[in-house]
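Participant: Each protein sequence line maps, in turn, to chains A and B. In this text, residue positions in the first sequence follow the numbering used here: the first is 1, and each later residue adds one. In this text, residue positions in the second sequence follow the numbering used here: the first is 1001, and each later residue adds one.
Treat the hints as calculated values from the structure; they're not laboratory data. Note that the structure is a prediction, hence the values are computed from the model and not measured. A couple of the hints might just be wrong.
Label-pair restraints from in silico Cβ distances [as the list claims (entries may be wrong)]: (1) B/Gly1041 <-> A/Ile6: 30 to 38 Å; (2) B/Arg1148 <-> A/Ala370: 50 to 58 Å; (3) A/Pro216 <-> B/Gly1041: 14 to 22 Å; (4) B/Pro1019 <-> A/Gly64: 55 to 63 Å; (5) A/Pro298 <-> B/His1188: 54 to 62 Å; (6) B/Glu1057 <-> A/Glu321: 36 to 44 Å; (7) A/Arg320 <-> B/Pro1216: 20 to 28 Å; (8) B/Pro1222 <-> A/Arg199: 17 to 25 Å; (9) B/Arg1071 <-> A/Pro152: 22 to 30 Å; (10) B/Glu1150 <-> A/Arg199: 49 to 57 Å; (11) B/Pro1293 <-> A/Pro152: 34 to 42 Å; (12) A/Pro216 <-> B/Thr1126: 12 to 20 Å; (13) B/Glu1057 <-> A/Asp7: 27 to 35 Å; (14) A/Arg199 <-> B/Lys1120: 34 to 42 Å.
Where is the CB? At the ideal position from N, CA and C, for every residue including glycine.
Protein chains: 2
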Amino acid sequence: MPGPRIDRTHDQRLRCWVPGAMGHQDFPVQNLPMCSFIAAGRSRAGVLIGDFVLGLECLGATLGDDDADLRPVFAARNLDRFVALPSHRRARVRALISDYLTSDPGPTAKQALFASDEVKFTVPATVTDFSDFFAGIHHALTAGRFFRPEEPLLPNYKHVPIAYHGRSSSVVASGHPVRRPSGQVAAHGATAPEWRASRRLDFELELAFWISGGNPLGEPIPIAEAGDKLVGVGLLNDWSARDIQSWETKPLGPFLGKSFLTTVSPAIVTAEALAPFRAPQPARDAGDPAPLPYLFDPADQDAGAFDIQLEVALASQAMRERGEEPAVLTRSSGLDLYWTVAQMIAHHSSNGCNLRAGDVFGSGTVSGAAPDGHGSLLEHTGGGRSPIELPNGESRLFLEDGDEVILRGWCKRDGFARIGLGEARGIIFA
Amino acid sequence: MPGPRIDRTHDQRLRCWVPGAMGHQDFPVQNLPMCSFIAAGRSRAGVLIGDFVLGLECLGATLGDDDADLRPVFAARNLDRFVALPSHRRARVRALISDYLTSDPGPTAKQALFASDEVKFTVPATVTDFSDFFAGIHHALTAGRFFRPEEPLLPNYKHVPIAYHGRSSSVVASGHPVRRPSGQVAAHGATAPEWRASRRLDFELELAFWISGGNPLGEPIPIAEAGDKLVGVGLLNDWSARDIQSWETKPLGPFLGKSFLTTVSPAIVTAEALAPFRAPQPARDAGDPAPLPYLFDPADQDAGAFDIQLEVALASQAMRERGEEPAVLTRSSGLDLYWTVAQMIAHHSSNGCNLRAGDVFGSGTVSGAAPDGHGSLLEHTGGGRSPIELPNGESRLFLEDGDEVILRGWCKRDGFARIGLGEARGIIFA
């Protein structure tokens, strides 16, 4: 089986001493998402537990000699050391944190707890490279129809886990304001552009896969070993300026239409935490090609997908001012991806490209098959043609200044505690 | 005028105490390219001088209080701190090194000199992001003809400094072996791929622009300030597997066809060193659009180009075994670029994307207009159709195992010392 097993850390009956953590809908003690945060003027590595974040330094003193290698991980200012650990040591970190939070707390334990709404979360680890896949097949189909009605899905799609290199410098943590970018824009069919603020600013609902990497340059990662390279999962909003993107994108792909900002959720929900929520990769349509051998692993096909529920909510400035709830625009699932993360890892390294700790893969826009599954406004509005209506009567073709976009994700399964991925938020400003 | 001025460090009459440095064709004391290297088991920042490299630590003791900020730069293990300096402090570094190498050397000075052929050069600074432009218009035209005979140059080309995000992890220093990548490859017109070693492995002759960056996320760099963000220039071989590239590239651009390896020369020839070799940006063809205002700066048009001579040489294994000289395949020039580096910097940041110290921009393949100007085998062979002949009777459509590709660059101008960019080398192996 690829990836970690279900163990005692997933037990629903675990009791945790942190107030409010029991039954917390996102961050019960069965989740233990890793994060980086600033509190009392210092950057720290931490773990989310209920409505709190526990600074990991407090665990350093509890480590025995067998775990001496983890001292710098717990003392670190962010998760750079954690994401570089091999998978069995990441599992050990989880076990230690689980034990700490379910045993009698020592006298200093509560000093390491910070209220989550009083700290500043940062990008969990240094993003060494950002690669954005295109594995949401419903998105690829719907978006492809706008550009190529006669051939929405290109011939390579079901053979190649298509991806492009993204920009790592502009990956920010949830809550960072999203400045509307300006750029070259050409009206449909025009051959000369003008320079102006984007009028087609969009979100893209994606999963973020945090990778440990470690293969030497020139050495592919076999798919049977690829699952071990997944540190964990977060949410990723691949903000897109469609008008800038469409003018610049040929022949080398998206650039400034994407690189102005990418928002990730602060928490890495670990591969260990997700063990109960693994699922078979959904069967391909009849007539689809089988994955080439370097992308095919029976164990990965059996349990390489993640049953993660996803949604996008939007709150306009008017809605927020009136205290109205964000409107849920989109519901989709990790099972809407055509490729598993192990396939992405095997593919990305198949030419010998070295993956490193801190590599982030975007899944590609995760759209569901149903109309409420559209993972971007481009899809919701038929390519910017038919506005969607918000509950308060406002309508949108694309995002307006003051709009807040909120990505959310969670996992549920009978017999297991529900766990959440948290949120990735951003408000547009001019 | 954009960028540094000509000053006493460029004086042809300067005398340097390093043996053989006077009149050295690449690295006289008027050049002073910055590098990182390993000698005696330690990584160090250095400067190339003649056939030697000077470890910069030795300069630390010479610094006065006004230059205390440079101590960590000289003591550093690579150029990460140097590339982060503002331009006036980079100029100060040059002045200090020039003085050191042209004054009476102290008793310890020669201990800091290492023979260049006895050290290991590394990538000069940590590559924080790698963006690859497409500014070689002759390359864009010739390569475009193979894919779109009816429209070789897309409508956006003369408006947008086209670029794509590249892979930073696999950027290596000159001399690193180049493993032939495998990948998905589809015969022309085929709809199903096979998996095999690339048969269309190619080089691309590019300039590497090392960037200091520093703009906050969301704040574009105005073109009038962009020139100051150029740390210096090197050579870059954007190795390309054409068969992998052509199958994967739609719709999101090049990925595994490029990311297996990118070779850079070990030296950063600084913007200061290049001051005498600035040139007006060549006039655009009649009928070409003027650059949009955010890309237009009269001073940049007057002196924003670099008169750098470039060449590609190839030595097959048979040639090397017989002691034959590498065959020069290509001659081109920095003046063959359609966009200046200041335009690239202004464009890249125009959407608010934050550039950082250690950003590397590839220029795009620098091809000349003449047939001997083709900066890749793709162009030399008419898209892989007509082999080129080597002096020893061997022929090539694409690179074969054992082939060594050598990029070289240099600048000459009457009244100034000739300076070189050095070399970027790599040998293919299976």
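Participant: Confirm or reject each hint.
Facilitator: Against the structure, the hints come out as follows:
no.	hint	in the structure
1	B/Gly1041 <-> A/Ile6: 30 to 38 Å	violated (47 Å)
2	B/Arg1148 <-> A/Ala370: 50 to 58 Å	violated (38 Å)
3	A/Pro216 <-> B/Gly1041: 14 to 22 Å	holds (21 Å)
4	B/Pro1019 <-> A/Gly64: 55 to 63 Å	holds (58 Å)
5	A/Pro298 <-> B/His1188: 54 to 62 Å	violated (33 Å)
6	B/Glu1057 <-> A/Glu321: 36 to 44 Å	violated (60 Å)
7	A/Arg320 <-> B/Pro1216: 20 to 28 Å	holds (26 Å)
8	B/Pro1222 <-> A/Arg199: 17 to 25 Å	holds (23 Å)
9	B/Arg1071 <-> A/Pro152: 22 to 30 Å	violated (59 Å)
10	B/Glu1150 <-> A/Arg199: 49 to 57 Å	violated (31 Å)
11	B/Pro1293 <-> A/Pro152: 34 to 42 Å	holds (38 Å)
12	A/Pro216 <-> B/Thr1126: 12 to 20 Å	holds (18 Å)
13	B/Glu1057 <-> A/Asp7: 27 to 35 Å	violated (51 Å)
14	A/Arg199 <-> B/Lys1120: 34 to 42 Å	violated (52 Å)
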